[in-house]
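Knowing the structure of chain A, use the given hints to seat chain B on it.
Residues per chain, in single letters:
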Amino acid sequence: SAVISQKPSRDICQRGTSLTIQCQVDSQVTMMFWYRQQPGQSLTLIATANQGSEATYESGFVIDKFPISRPNLTFSTLTVSNMSPEDSSIYLCSVAQGVGYTFGSGTRLTVV
Amino acid sequence: SQKIEQNSEALNIQEGKTATLTCNYTNYSPAYLQWYRQDPGRGPVFLLLIRENEKEKRKERLKVTFDTTLKQSLFHITASQPADSATYLCALGQGGADGLTFGKGTHLIIQP
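Chains A and B supply the protein sequences, listed in that same order. All residue numbers for the first sequence refer to this note's numbering, where the first residue is 1 and numbers rise by one. All residue numbers for the second sequence refer to this note's numbering, where the first residue is 1001 and numbers rise by one.
Isolated chain B (complex conformation):
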């Protein structure tokens, strides 16, 4: 069965450092991979999408890489800030008519 693993349940990073979150998957060939941010009591908020034929995507302080051979995506937040503290979810999908398959998420804490 399809399985998505995010590297750790919680990650503590010092403010100003780069936070790196990992998403690994098995038994899946996604057309794309997405990253979401979820704050307590809120629904997930879309951050970035990377397609199977793309290696890297950037958006402001965010960078996502996608290695379909390793079946892994890395999500980086550079110059991290306490406001970046949240749970980050990776999700795999095949197309707009299909829903997403999510990992459990990594709870990121940026300490001042």
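Same shape as in the complex, but just chain A:
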């Protein structure tokens, strides 16, 4: 199965700033998925990133707040923009693997 390298693993950021999270996959994949896992909550899908086209965002998530890049079939970034304490969460990327999905280890973001 694919191996995903996600970084940073954690960060503490000032409110009003932006953080870009990177995911590198060791094989080419068509779709990459970005999730948020807030404390005590389930993983929630933010958007689906397809190489060569605009990302598709789920209800409640917008491109201005969570811009996504997908420059090639092995790499994607998610930016959390103009952060507030409510953005404190774990962010994860994921790829489909035929049967099941593989996840990165997550980025634990704390906004102060």
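Hints may be right or wrong, so weigh each one.
Simulated DEER-style distance windows between Cβ atoms [to be verified]:
(1) B:Gly1016 <-> A:Ile12: 21 to 29 Å
(2) A:Ser69 <-> B:Thr1020: 20 to 28 Å
(3) B:Thr1078 <-> A:Pro67: 42 to 50 Å
(4) A:Asp26 <-> B:Gln1094: 23 to 31 Å
The calculated DMTMM-like cross-link candidates involving lysine to aspartate or glutamate, where the alpha carbons are at most 25 Å apart (straight line), are [stated by the list, open to error]:
(5) B:Lys1003 <-> A:Asp11
(6) B:Lys1104 <-> B:Glu1005
(7) A:Lys7 <-> B:Asp1098
(8) B:Lys1071 <-> B:Asp1098
(9) A:Lys7 <-> B:Asp1039
(10) B:Lys1104 <-> A:Asp11
(11) B:Lys1063 <-> B:Asp1039
(12) B:Lys1003 <-> A:Glu58
(13) B:Lys1104 <-> A:Glu54
(14) B:Lys1057 <-> B:Glu1005
(15) B:Lys1104 <-> A:Glu86
(16) B:Lys1071 <-> A:Glu54
(17) B:Lys1104 <-> B:Glu1052
(18) B:Lys1104 <-> B:Asp1084
(19) A:Lys65 <-> B:Glu1005
(20) B:Lys1055 <-> B:Glu1005
(21) B:Lys1003 <-> A:Glu86
(22) B:Lys1003 <-> B:Asp1098
(23) B:Lys1057 <-> B:Asp1039
(24) B:Lys1003 <-> B:Glu1056
(25) B:Lys1104 <-> B:Glu1056
(26) B:Lys1017 <-> B:Glu1052
(27) B:Lys1104 <-> A:Asp26
Since the hints were derived computationally from the structure, they do not count as laboratory data. We put the CB at the ideal spot given by N, CA and C, even for glycine.
What follows is chain B alone, placed relative to chain A:
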């Protein structure tokens, strides 16, 4: 709206017993249901997938059942071990081009 409920936030089981976790869903007709294991500070790890036309799947000490009439899946770990202690997530999906909808998870503790 779609809703997934996992039976309890935490479940304590004696080592050697069978742990049974429940996943119920509403307002959803999934093509498949998946179970994941998540350890602290790590991304979810895929365990099992069961399709809508399947009743039961097994993998080593793991067994999953799927009742689309009851809209329920049961996840069993037989001969449980302390190393099985983790959070277990159920997730519903429609296809490889779509992301997953997750429950909040059940924190399973296997006591020696």
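Against the structure, the hints come out as follows:
no., hint, in the structure
1, B:Gly1016 <-> A:Ile12: 21 to 29 Å, "violated (43 Å)"
2, A:Ser69 <-> B:Thr1020: 20 to 28 Å, "violated (43 Å)"
3, B:Thr1078 <-> A:Pro67: 42 to 50 Å, "holds (46 Å)"
4, A:Asp26 <-> B:Gln1094: 23 to 31 Å, "holds (27 Å)"
5, B:Lys1003 <-> A:Asp11, "violated (31 Å)"
6, B:Lys1104 <-> B:Glu1005, "holds (7 Å)"
7, A:Lys7 <-> B:Asp1098, "holds (24 Å)"
8, B:Lys1071 <-> B:Asp1098, "holds (20 Å)"
9, A:Lys7 <-> B:Asp1039, "holds (18 Å)"
10, B:Lys1104 <-> A:Asp11, "holds (24 Å)"
11, B:Lys1063 <-> B:Asp1039, "holds (20 Å)"
12, B:Lys1003 <-> A:Glu58, "holds (16 Å)"
13, B:Lys1104 <-> A:Glu54, "violated (29 Å)"
14, B:Lys1057 <-> B:Glu1005, "holds (21 Å)"
15, B:Lys1104 <-> A:Glu86, "holds (19 Å)"
16, B:Lys1071 <-> A:Glu54, "violated (34 Å)"
17, B:Lys1104 <-> B:Glu1052, "holds (21 Å)"
18, B:Lys1104 <-> B:Asp1084, "holds (18 Å)"
19, A:Lys65 <-> B:Glu1005, "violated (29 Å)"
20, B:Lys1055 <-> B:Glu1005, "holds (20 Å)"
21, B:Lys1003 <-> A:Glu86, "holds (23 Å)"
22, B:Lys1003 <-> B:Asp1098, "holds (17 Å)"
23, B:Lys1057 <-> B:Asp1039, "holds (23 Å)"
24, B:Lys1003 <-> B:Glu1056, "holds (22 Å)"
25, B:Lys1104 <-> B:Glu1056, "holds (23 Å)"
26, B:Lys1017 <-> B:Glu1052, "violated (28 Å)"
27, B:Lys1104 <-> A:Asp26, "violated (29 Å)"
When held up to the earlier numbered hints, the structure conflicts with 1, 2, 5, 13, 16, 19, 26, 27 and fits the remainder.
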